[in-house]
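J.: Residue numbers (our numbering), protein chains in the order written: chain R, 330 to 492; chain S, 25 to 835.
These aren't lab readings, by the way, just hints derived from the structure by calculation. The reader is advised that the hints may include incorrect statements.
Listed next, the stretches of chain R that the computed footprint assigns to chain S, with coverage defined by at least 3 CB atoms under 8 Å from CB atoms of chain S [as the list claims (entries may be wrong)]:
{"no.": "1", "region": "363 to 377"}
{"no.": "2", "region": "384 to 396"}
{"no.": "3", "region": "428 to 439"}
{"no.": "4", "region": "444 to 458"}
{"no.": "5", "region": "472 to 478"}
Note that CB positions come from ideal geometry on N, CA and C, so glycine has one too.
Letter by letter, the chains look like this.
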Amino acid sequence: MRITVTVDGTTYTDEVEPRKLLVHHLRETIGKTGTVVGCDTSNCGSCTVHLNGQSVKSCSVLAVQADGAEVTTIEGLARDGVLHPVQQAFHDNHALQCGFCTPGMIMQSIDLLADDPDPDEDTVRHGLEGNLCRCTGYQNIVRAVQDAAQKLKPGSHQPVGGQ
Amino acid sequence: MTATAEPEVGKARLRKEDARLITGRTRWTDNLSVPGLLHLAFLRSPVAHAKITSIDVEEARHRPGVIAVFTGRDLAEAQGSLPCAWPITADQKAPTAPSLAVDQVNFAGEAVAVVVARGNAEAHDALEAIEVEYEDLPVVLDMTAAVADGADLVHADLGTNKSAHWVFDSAEAGTGGDVEQAIADAEVLIERTYRQQRLIPAFMEPRSVLVDPTGEQTTVWSATQIPHILRLMLALTTGTPEHKLRVIAPDVGGGFGGKLQVTPEEVVSLVVATRLGKPVKWTETRSESLLSAHHGRDQVQKLTLAARRDGTVTGLKVDLLADMGAYLRLVTPGVPILGAFMFNAIYKFPAYRFACTNVFTNKTPTDAYRGAGRPEATFAIERLMDELAAELGRDPIELREQNWIKHDEFPFTTVCGLEYDTGNYEAATAKAKEMFGYDALRAEQRERRERGDVVQLGIGTSTFTEMCGLAPSRVLGSLSYGAGGWEHAAIRVLPSGKVEVVTGSSAHGQGHETAWSQIVADQLGVPFEDVEVLHGDTQSSPKGLDTYGSRSLTVGAMAVLKAGEKVIRKARRIAAHTMECAEDDLEFSGGKFTVKGTERSTGLTDVALAVFAAHDLPDGVEPSLDSEATFDPDNFSFPHGTHLCAVEVDTETGFVKIRKYVCVDDVGVVVNPIIVEGQVHGGLAQGLAQALYEEAVHDESGTLTTGTLADYLVPSAVDLPHFDTDRTETPSTTNQLGVKGVGEAGTIASTPAVVNAVVDAVRHYGVNDIQMPCTPMRVWTAINGGPTDAGGLGGEAGGGLGSIDTSGGVA
């Protein structure tokens, strides 16, 4: 099937198999390898991207379902070389070690902050429940999300929500 | 050249590595491609033990996109036997371990055929067209049954399921007394059998390998912890000349010991790529990973602790059964041996005997998993110390203090013959108790018990040490390990004054690029940003023994430091020549050589440029400002710490909630406090997971019932608490940096702290043991007087508690 998807601001039209998952379309066809695959049961969240502004696990969406949609991946967050505040907060708070889960964590965190701009620790932990990390024990990730929330408070020029 | 204003070592430097990781500009193996790439998919055995009577791959060969299909028989000559580098005894039994099964499968998940196709999806599609007929053999799952007379055999040709029997006896070794005498003389005996459940490393990046044989050298990219060891082992296993192999570990998404391996898939990928003359890639699914990447732990520990009524421990006897699974992988037999030296932990009891039988079963092979042997040992002794305290009506911390090595007794030679260089258990414990609010929590615990609160409070203590910095090569040799414990490094000062550091220690999340830059910046007086660290490629980093066992800083960074010393020595000679003074007249500081007592100076950058120009060098000095060095430690290092955990146990549901977790670790000198803290957090998460959540479970047919992340419970952010961490700093005297290693600390210490807390919360119900993971069902059952091994995540047949003495369970 022929589909058109706008990914990180660029529009791509491609022929895809109906069974192809969005994550594989992003990685293999479009070349957006920042989004990664960590499991085959939608448990790990490493493949999280924004589909029309909402976080989704791109392993649980068919590529054809994204026809006409706007997708933001980790590679589309930084603007003009300036990191998104959540990316910056992950760096500032040592919220990653091997970094494999990080793209998904960051995409999920941005969506979480769009829903609740000032989350307490418990809210952050629940908001990240679908994203697994094996390195950090989550503490610094939680801290990073709360740090980003402070930096994104009114007065900041940084938008929340990628595209 | 700008001299750094303050020392880099000790500074909370944000990581260099993050820039690519937070923006998705990463080189995971599965992100890589080369022209003409083909994809591999493996067909895996659905049964745990069977003869292969036939494999029909004809239909699969004709499926769309399929280039070739190979069975074990097709590759038998080329695939070799997978290596085991640690024969712990001369008479160790080891089966042939083919990468693709040839006549027989010995665990569910063992690969039996491989499809090569143009696309990954086509390769997986074609697996369905392969017909395999199996003739079932009896399945051996329970270690105790496996070593009984007349047991069914995993490998009939070996004639036994016992791989090796290894003993350390302090009386025989001359390092301590006779444990049987200690037991005979004991006023108190604590006898228990503990089970270390089988765990799965579950690194987040699935394993992946890409082999390109089309160049002058064959290049292997692999998500591995051990590019150097892998290169050698692939050469030895497949007969590929070593100099024709280049192994690259690009960005690697976690390891935890799980990528310390020469995998069947790496060997098959190399063999298939070579045979076809085409590049191939294989990336596992998570289900494949859980099933066939090696598992960890899986021991049954029979323990006897001897003590006097006054609380003095007089001896410990350990009898282990260690599950090897179906084959011996790279260091499988040695994992319990690493633990053998840690059962005595921080205590100075005088008699010790350790005996271990390594057992084959029809399960996924085991091997190193975070801590490798040491968490198992620490769990046992720390649980026993709590049981002794309960028996004697003593406070568990006070009892530990009575038995541990005092600060002024270091260096101390243990009952195993290890010399602990430094430590201060008093300081770490005092700090931890204060942070924890120990006395207040004990008071609350008493109050809740008296009140008969539905939610009971438990307090768990764990004091630990481990041996890091693997290892002095001569010691590894004495333990029959197949390699040394040195590490290699090189430093190249480029003509512009920028510095390249080459390290044999290959990182997968530990922040080597940052920490090594800090060390070199201080040593050479160059800016942190001017240092580039190269690792994980046998071409740019030709020598090394890679990353495991918390050896990177203690051994790897020491090699870097030695290489740096050589660079400074050479630069000094050149600077003295240029400045026409004696070498001894020069002081080196902040990147500059200064003539003592004068303002005359020249920078390292000037020297580097002079070396490049080579117009006027001292006689016999080659025009380069670089050096290489290896470091082989004289001893292990011994980080230690005190961990305290408070849990709330709902006695009506058995649900355990961690109320507070405090730890004070002493890892010697800290190069980068945020990296250290991060390593501790991650370690704690894995240790807590063993205590409360994770267990690889097989059903009675040997099928892994926890074969997806929906069943195998890797904890999420919701499942883990906030950790209060701090540290004391007692520098190691084993190495010049004073560092001790930190990667495994949290995992080793936290499991017993949590289980001690859970048992403590419900001890007044007559409970003195709960099998890990302490699931609500197990805790509830223990409170209500049932057997403590009930209520796992699924079937327990493979767990092997059936015939083990559980009298130490519910009182």
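J.: So which of those numbered hints doesn't the model satisfy?
T.: 2, 5
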